[in-house]
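Undergrad: Read off the chains here:
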Amino acid sequence: MLKHLPVLLTVMPLAGAFLVPVFGRSGRGHRMALVTVAVTLLAAVTMLGITAGGEVLRYRVGDWPPPWGIELRVDALGALLASFFALVYLAVTIFAGRDIPGELNPASVHWYWSLLLLLLAGINGVVTAHDLFNLFVFTEVFSLAACGIISIRDRLDSLEAAIKYLILSAVAAGCILLGIALVYMVTGHLNLSYLAAELPMAARLYPKNVLAMVALLTTGFALKSALFPLHVWLPDAHSSAPSPSSALLSGLVVKVGIVALIRLFTTVFTGPVIAALPVPVFMIVMAVGGIIFGALFAMTQRDLKRMLAYSTVTQVGYIYLGFGLLNETALTGALLHIINHALLKSMLFMCAGLFIHRTGKRRIADMAGLARHMPLTMSCFTIGAMAMVGIPVTNGFVSKWHLVLGTLHGGQPLLAGVILLSSLLSSIYYFPVVVAGWFGHPASPPPPGPEGPPSMVWPIVALASLCLILGVWPHLPLRLLGDVARTLLGR
Amino acid sequence: MITLFGVGCLVFLVVCALVVARTRDLLAATVVFAAYSLVMALVWQQLQSPDVAITEAALGAGITSLLFLLAIGRTRRTEDEEG
Amino acid sequence: MRHVPALLLLLMVAYVLFLTMAEAPAFGVVDVPSRNLVVDRYLDPDPEETGVPNAVARIIFDYRAHDTLGEATVLFVAVGAAAAVLVGRPGPFATRPVTGTDDPILRTVARLVIPFVQVYAVYVITHGHVSPGGGFAGGTILGGSFVLYLFVFGPGRAARKLSPARGEMVEGLTALWYILVGLGGLLLGASFLANAAAGFPLGVPGKLLSGGAIWLIGLGIGLKVAATVANLFLHLAGES
Amino acid sequence: MEISLGLFLRLNYLVAITLFLIGLHTMLTHSNLIKKVMGMNIMETGIFLFLVSIGYARQSLAPIVDQGDGVIYANPLVSAIVLTGIVIAVSTTAYTLSMIVKLYERCGTLDVDRLERLRT
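Top line first, the protein sequences correspond to chains C, E, W and S. Going by my numbering, the first sequence wraps up at 491, each residue one higher than the last. Going by my numbering, the second sequence wraps up at 83, each residue one higher than the last. Going by my numbering, the third sequence wraps up at 240, each residue one higher than the last. Going by my numbering, the fourth sequence wraps up at 120, each residue one higher than the last.
Since the hints were made in silico from the structure, they are not lab data. No residue lacks a Cβ here, since even glycine has one placed at the ideal position from N, Cα and C. Fair warning: there could be bad hints in the mix.
[Unchecked claim] One-sided and incomplete, this derived list gives chain S residues near chain W with beta-carbon spacing under 8 angstroms:
no., residue
1, Leu9
2, Arg10
3, Thr29
4, Ser53
5, Pro76
6, Val87
7, Tyr95
8, Val101
9, Tyr104
10, Arg106
[Claimed, not checked] What follows is a list of derived Cβ distance ranges for each label pair:
no., chain 1, residue 1, chain 2, residue 2, range
11, C, Ala416, W, Asp31, 49 to 57 angstroms
12, E, Val15, W, Arg2, 26 to 34 angstroms
13, C, Met299, W, Arg89, 33 to 41 angstroms
Could you build the full structure based on these sequences and the hints that come with them?
TA: Listed below in structure tokens is the structure:
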């Protein structure tokens, strides 16, 4: 059974998602989703145990050998991402159990659980894919499911945001598919390893074709992962979705595009193939734009979820910055930041969701004095804000530290300045919320009562403690990711 | 495929696409789009991909056009908001 | 004027793509890089590996069946998300365009035509492995016969034939069928979605009952697509 | 000169890219949502035409491989890719149109610019 885990990682959530409309209509959907996510988490952690030593799990779907059939691969990076993503998923799914039924039309609640599992299947499909077209198909699965968990909230602004997101996703899908067509035309392969072997030859014979292909694929995946200036869909989509969806969209979904790009740039577009094309430089420029502008826009927001969404634009910029530098320390920082930001931003969005659930208000000004009524949630929000700014003992500090070191190793002290400047900007928009939350006076106090249902408070507390644990003892993921970064860069 | 008929089909496709893009009447655009899909199916038949041609005729020309018709029926017929 | 950036972008894309096309491998030639060992095996004239002569069916239901699972999932996601949106409260500008017709000619013709359409659809679904067509095209035609019924007799009567709840159930079960066939390959000692390697009987190539898992998956896909199309149009016609 | 000759010999590719660009242009510049979806479909069929053209060779036959030896068949892999692509395109279209219908029910407009003005 162990050798089938790479494919089961995708197939189990799929089976769960197909079962929900059959059996999950009468309120059982949430429990079915929970069980499925838990089993997926178990599978991912098992694979992490196997691959942590450097082993790569290869799986031939349908028993066909690679160039003919579809190959799946799980390395330490894939297993680590799948584990953390499933962990965040479990917390969000527990949280959503009390939040979602009140937010949605009762006739569509069971679809929410189904779409949630389909989104997980899409993410896992992309993380495990080792075939370009397979990657595209599962990219579409997660893109459509991501729109689905936005538009399911029966409001005008959610619909508008989902349409915008879906149309831009379709442009991205067009770019990716045309890129795949171009690369298939000159190599005749879709498997990533075989592509990598054929591509140097093809780049000599048809250089323009290969360059256009790299540009199209990069644009497509950058659009899906909201790299500045292609982020225009993100603030609306992430702020108008139901809070559990926002947590997943900001925490996980934007990262999947980056993971796909990291895979492509470390296995296929290596060395001479992209030597003529300054993609990394381009990425760094865009990343710096995202870091600065995301922070500036976040400062002007009055809606809490919109502010968090713009902060995601900044954080995506950090990850692209570390990736574009292409040195070991920076890449380690970027990979660690993918995980840290997944934990942090999901936690912050769940805090925001609980504030909204409890008070019915969503403006930043309404958070004043809430610590008196919701001390645990406010503490967790404070931890998240500290980590976003990059204060020591939180996990955000560790990844930012590695990114700064990476810029120095890469001989770019100016970029280190950008990171520090943006930390300053983050503190300008995060800390007033925290200070007002603890010391402000509420305009209208919320109705008396407990902080919130335990199933909504504890997932937040669990993720916040994990953020602190990873901030104090970052060695385990760091050592693993350091090895991964070395392998990816081929050293 | 490099027959007069094939070239004619390709020219027809481009003309149809331009008409769909330019016309302000969404219903007319849908009808032209259905014709476009059918000719596209014909081109794929000539390119020796009958599986794709059948699927395009059923899904692209049939289902997609019907979807557009229903969507226009539930919304408005012209692209201009004042119409 | 606000379209100027978009136009500049398009001109740039057009310039790059046309230059690319001018130096791409020639059109209509056998000697191109995409015709390599991969395609040769797919086109193996002896169908002993898969048991079916239609090379496209070989690929979508056997060699690359995992992609087709993803494709069926995309369809499931899209129609599920659409259904979840469409059952929402009606807004102030709501209309119902499909009411059916009282025209006796239309009703009689529809009654006569629908059985023939359905027989043809079943033929296309069940012969997907030996001739062009297959689950996706045939399923669409089968769903199309339901759409014809819907347009002629109105959404109320159509929903009595197949209610949205029942349709969703059929969709879920047929999608599960795909996974079950795949898991069958896994439990028989091979991999997920394995066909001949797992010992599915391939039968005599060219016959109706041949191709093992290919035939089973094609059947499930046909039913799933039909249910999906029917369900989608029922929701879009305003019946929920 | 060289470029135009190269493009003429690859007429199918030229038409496919032209369709892709027409569709992309419609998607990016039209403010009507249904028109944008039509543009999306044209863009995607352009890509499919490109893919199918890659698989064609002169005198090739449809890839139903029971026609004896020494026959050239069209590339079946691109057909499989295009089949998947068509289904994905139709799914996206269906979902987008459903959302557009619901959006219109709420606010009575299909125009993105007007939606923007309604919001402010």
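Undergrad: Each hint should be assessed against the structure and marked as holding or not.
TA: Evaluated hints:
For Leu9 (chain S), the shortest C-beta to C-beta distance to chain W is roughly 6 angstroms, which falls under 8 angstroms, so the interface hint holds. This hint holds: Arg10 (chain S) has a C-beta 5 angstroms from the nearest C-beta of chain W, less than the 8 angstroms allowed. Interface restraint check for Thr29 (chain S): the shortest CB-CB distance to chain W comes to about 5 angstroms, inside 8 angstroms, so the restraint holds. The restraint placing Ser53 (chain S) at the interface with chain W holds, with a minimum CB-CB distance near 6 angstroms, inside the 8 angstroms limit.
Interface hint status for Pro76 (chain S): upheld, as the beta-carbon distance to the closest one in chain W is roughly 4 angstroms, under 8 angstroms. A distance limit of 8 angstroms between C-beta atoms decides the matter here; for Val87 (chain S) the minimum to chain W is near 5 angstroms, and the interface restraint holds. Because the beta carbon of Tyr95 (chain S) sits about 4 angstroms from the nearest beta carbon in chain W, less than 8 angstroms, this interface hint is met. Hint status for Val101 (chain S) relative to chain W: holds, with the closest Cβ pair at about 7 angstroms, below 8 angstroms.
Given the 8 angstroms rule on beta carbons, the hint for Tyr104 (chain S) holds: about 6 angstroms separates it from the nearest Cβ of chain W. Satisfaction of the interface hint for Arg106 (chain S) is found here, the shortest Cβ-Cβ separation to chain W being roughly 4 angstroms, below the 8 angstroms cut-off. At roughly 53 angstroms, the beta carbons of Ala416 (chain C) and Asp31 (chain W) sit within the given window of 49 to 57 angstroms. Against the hinted window of 26 to 34 angstroms, the Cβ-Cβ separation of Val15 (chain E) and Arg2 (chain W) comes to about 28 angstroms, which satisfies the hint.
At roughly 36 angstroms, the beta-carbon separation of Met299 (chain C) and Arg89 (chain W) lies within the given 33 to 41 angstroms, and the hint holds.
Taken one by one, the earlier hints all hold for this structure without exception.
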